[in-house]
Amino acid sequence: MIKKLALIVALACPGVAVAHSQVALDSDVFVEKLVKDATGRTKLVLEQPKAVVPGDKLVFVLNYQNKSQGPATNFIVTNPLPAAVVFQGSVDSAALVSVDGGRNWGPLAALKVRDRSGALRPANPTDVTHVRWAFAKPIPAGSAGKLMFRGIVR
1 MIKKLALIVA
11 LACPGVAVAH
21 SQVALDSDVF
31 VEKLVKDATG
41 RTKLVLEQPK
51 AVVPGDKLVF
61 VLNYQNKSQG
71 PATNFIVTNP
81 LPAAVVFQGS
91 VDSAALVSVD
101 GGRNWGPLAA
111 LKVRDRSGAL
121 RPANPTDVTH
131 VRWAFAKPIP
141 AGSAGKLMFR
151 GIVR
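Using our numbering, the letters of the sequence shown correspond one by one to residues 1 to 154.
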(Lines of atoms letter the chains of each structure in order from A and count residues from 1; the text may use other names and numbers.)
(Lines give C-alpha, C1' and ligand atoms only; values in the text may rest on other atoms or scores of the structure.)
Protein backbone atom coordinates (compact mmCIF):
# COMPACT_ATOMS: atom_id res chain seq x y z
CA MET A 1 0.00 0.00 0.00
CA ILE A 2 2.82 2.47 0.86
CA LYS A 3 4.57 1.66 -2.44
CA LYS A 4 1.36 2.33 -4.36
CA LEU A 5 0.85 5.66 -2.56
CA ALA A 6 4.44 6.70 -3.24
CA LEU A 7 3.98 5.90 -6.93
CA ILE A 8 0.82 8.01 -7.12
CA VAL A 9 2.62 10.94 -5.46
CA ALA A 10 5.57 10.56 -7.87
CA LEU A 11 3.23 10.53 -10.85
CA ALA A 12 1.24 13.53 -9.67
CA CYS A 13 4.41 15.59 -9.19
CA PRO A 14 6.61 14.69 -12.14
CA GLY A 15 9.19 17.29 -11.21
CA VAL A 16 7.54 20.08 -13.10
CA ALA A 17 9.64 21.47 -15.58
CA VAL A 18 12.47 23.88 -15.66
CA ALA A 19 11.30 26.97 -17.47
CA HIS A 20 11.35 30.72 -17.83
CA SER A 21 10.39 32.67 -14.68
CA GLN A 22 7.86 34.77 -16.60
CA VAL A 23 5.93 31.68 -17.66
CA ALA A 24 3.73 29.91 -15.11
CA LEU A 25 3.64 26.12 -15.25
CA ASP A 26 1.48 23.48 -13.66
CA SER A 27 1.16 19.80 -14.36
CA ASP A 28 -1.32 17.02 -14.07
CA VAL A 29 -1.39 13.32 -14.77
CA PHE A 30 -4.32 11.21 -15.89
CA VAL A 31 -4.87 7.50 -16.30
CA GLU A 32 -6.64 6.26 -19.43
CA LYS A 33 -9.65 4.07 -18.66
CA LEU A 34 -12.13 2.28 -20.88
CA VAL A 35 -15.67 2.78 -19.55
CA LYS A 36 -19.13 1.99 -20.83
CA ASP A 37 -21.51 4.89 -21.31
CA ALA A 38 -25.28 4.80 -20.76
CA THR A 39 -25.81 3.21 -24.18
CA GLY A 40 -23.31 0.44 -23.50
CA ARG A 41 -20.65 1.84 -25.82
CA THR A 42 -17.07 1.62 -24.62
CA LYS A 43 -15.19 4.91 -24.65
CA LEU A 44 -11.78 6.08 -23.55
CA VAL A 45 -11.74 8.60 -20.69
CA LEU A 46 -9.00 10.31 -18.71
CA GLU A 47 -9.32 10.18 -14.91
CA GLN A 48 -7.27 11.39 -11.98
CA PRO A 49 -5.41 8.30 -10.74
CA LYS A 50 -6.48 6.95 -7.36
CA ALA A 51 -4.14 4.01 -7.77
CA VAL A 52 -2.02 2.81 -10.64
CA VAL A 53 -0.74 -0.62 -11.48
CA PRO A 54 1.83 -1.87 -13.99
CA GLY A 55 0.45 -1.54 -17.49
CA ASP A 56 -1.74 1.50 -16.77
CA LYS A 57 -1.55 4.08 -19.55
CA LEU A 58 -0.87 7.62 -18.34
CA VAL A 59 -1.17 11.05 -19.92
CA PHE A 60 1.01 13.83 -18.50
CA VAL A 61 -0.18 17.38 -19.16
CA LEU A 62 1.98 20.47 -18.64
CA ASN A 63 0.04 23.74 -18.82
CA TYR A 64 1.94 26.96 -19.42
CA GLN A 65 0.96 30.63 -19.48
CA ASN A 66 3.04 33.71 -20.15
CA LYS A 67 2.17 35.96 -17.19
CA SER A 68 4.47 38.80 -18.25
CA GLN A 69 3.74 41.97 -20.18
CA GLY A 70 5.98 40.92 -23.07
CA PRO A 71 6.81 37.86 -25.10
CA ALA A 72 8.67 34.98 -23.47
CA THR A 73 11.65 34.09 -25.62
CA ASN A 74 13.94 31.07 -25.52
CA PHE A 75 11.31 29.16 -23.55
CA ILE A 76 12.34 25.61 -22.66
CA VAL A 77 10.40 23.12 -20.55
CA THR A 78 12.24 20.07 -19.22
CA ASN A 79 10.32 17.36 -17.42
CA PRO A 80 12.00 14.37 -15.74
CA LEU A 81 10.17 11.14 -16.40
CA PRO A 82 9.16 9.32 -13.20
CA ALA A 83 11.28 6.16 -12.79
CA ALA A 84 8.13 4.04 -12.58
CA VAL A 85 7.00 5.13 -16.06
CA VAL A 86 8.09 4.09 -19.56
CA PHE A 87 7.88 6.90 -22.12
CA GLN A 88 5.31 6.26 -24.87
CA GLY A 89 5.61 9.42 -26.94
CA SER A 90 4.36 12.95 -27.23
CA VAL A 91 1.59 14.40 -29.35
CA ASP A 92 3.97 17.23 -30.22
CA SER A 93 6.64 16.34 -32.75
CA ALA A 94 8.88 19.09 -31.32
CA ALA A 95 9.36 17.13 -28.08
CA LEU A 96 12.91 15.89 -27.56
CA VAL A 97 14.01 13.22 -25.12
CA SER A 98 17.11 12.39 -23.13
CA VAL A 99 18.33 8.91 -22.26
CA ASP A 100 21.24 10.08 -20.11
CA GLY A 101 19.68 12.16 -17.35
CA GLY A 102 19.33 15.34 -19.42
CA ARG A 103 22.86 15.72 -20.75
CA ASN A 104 21.99 15.08 -24.42
CA TRP A 105 18.75 15.61 -26.35
CA GLY A 106 17.18 14.45 -29.58
CA PRO A 107 14.40 12.43 -31.15
CA LEU A 108 14.37 8.94 -29.62
CA ALA A 109 15.25 7.33 -32.96
CA ALA A 110 18.49 9.35 -33.11
CA LEU A 111 19.78 8.46 -29.63
CA LYS A 112 22.06 5.60 -28.58
CA VAL A 113 22.85 3.99 -25.22
CA ARG A 114 25.50 1.53 -24.12
CA ASP A 115 24.42 -1.98 -23.28
CA ARG A 116 25.95 -4.06 -20.47
CA SER A 117 28.86 -5.10 -22.68
CA GLY A 118 29.64 -1.44 -23.49
CA ALA A 119 28.43 -1.65 -27.10
CA LEU A 120 26.20 1.11 -28.43
CA ARG A 121 22.62 0.21 -29.29
CA PRO A 122 19.62 2.27 -30.42
CA ALA A 123 17.77 3.85 -27.48
CA ASN A 124 14.24 2.65 -26.81
CA PRO A 125 11.35 4.05 -24.74
CA THR A 126 12.53 2.29 -21.56
CA ASP A 127 15.74 4.35 -21.70
CA VAL A 128 14.06 7.79 -21.65
CA THR A 129 14.81 9.85 -18.54
CA HIS A 130 13.52 13.31 -19.54
CA VAL A 131 11.24 15.04 -22.04
CA ARG A 132 11.94 18.57 -23.31
CA TRP A 133 10.26 21.19 -25.46
CA ALA A 134 12.23 24.20 -26.75
CA PHE A 135 9.93 26.81 -28.27
CA ALA A 136 11.27 28.19 -31.54
CA LYS A 137 8.95 31.21 -31.44
CA PRO A 138 8.29 33.62 -28.54
CA ILE A 139 5.17 33.03 -26.46
CA PRO A 140 3.08 36.22 -26.64
CA ALA A 141 2.10 37.98 -23.39
CA GLY A 142 -0.96 36.32 -21.86
CA SER A 143 -0.82 33.30 -24.16
CA ALA A 144 -1.26 29.80 -22.76
CA GLY A 145 -0.96 26.27 -24.01
CA LYS A 146 -0.48 22.60 -23.16
CA LEU A 147 2.27 20.09 -23.67
CA MET A 148 1.52 16.40 -23.32
CA PHE A 149 3.29 13.09 -23.27
CA ARG A 150 2.25 9.53 -22.60
CA GLY A 151 3.70 6.78 -20.49
CA ILE A 152 2.97 3.32 -19.17
CA VAL A 153 3.47 2.27 -15.55
CA ARG A 154 6.32 -0.26 -15.31
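Because the hints were derived from the structure by calculation, they are not lab data.
There's no promise every hint is true.
[Claimed, not checked] Pairs of lysine to aspartate or glutamate residues, derived as EDC-like cross-links and limited to a Cα-Cα distance of at most 16 Å, are as follows:
#1 137 / 127
#2 50 / 37
#3 67 / 28
#4 146 / 28
#5 57 / 28
#6 146 / 100
#7 33 / 56
#8 137 / 100
#9 50 / 28
#10 43 / 28
#11 57 / 37
#12 146 / 56
#13 57 / 32
#14 112 / 92
The structure displayed is predicted, hence computed values, not measured ones.
Verification of the hints:
1. 137 / 127: 29 Å, violated
2. 50 / 37: Violated, at roughly 21 Å.
3. 67 / 28: 20 Å, violated
4. 146 / 28: 11 Å, holds
5. 57 / 28: 14 Å, holds
6. 146 / 100: 25 Å, violated
7. 33 / 56: 9 Å, holds
8. 137 / 100: 27 Å, violated
9. 50 / 28: Holds - the C-alpha atoms of residue 28 and residue 50 are around 13 Å apart, at most 16 Å.
10. 43 / 28: Outside the cut-off at roughly 21 Å; violated.
11. 57 / 37: Not OK: residue 57 and residue 37 at ~20 Å, beyond 16 Å, violated.
12. 146 / 56: 22 Å, violated
13. 57 / 32: Between residue 57 and residue 32 the Cα gap is close to 6 Å, so the pair holds against 16 Å.
14. 112 / 92: 22 Å, violated
Hints 1, 2, 3, 6, 8, 10, 11, 12 and 14, counting from the list given before, are not met by this structure.
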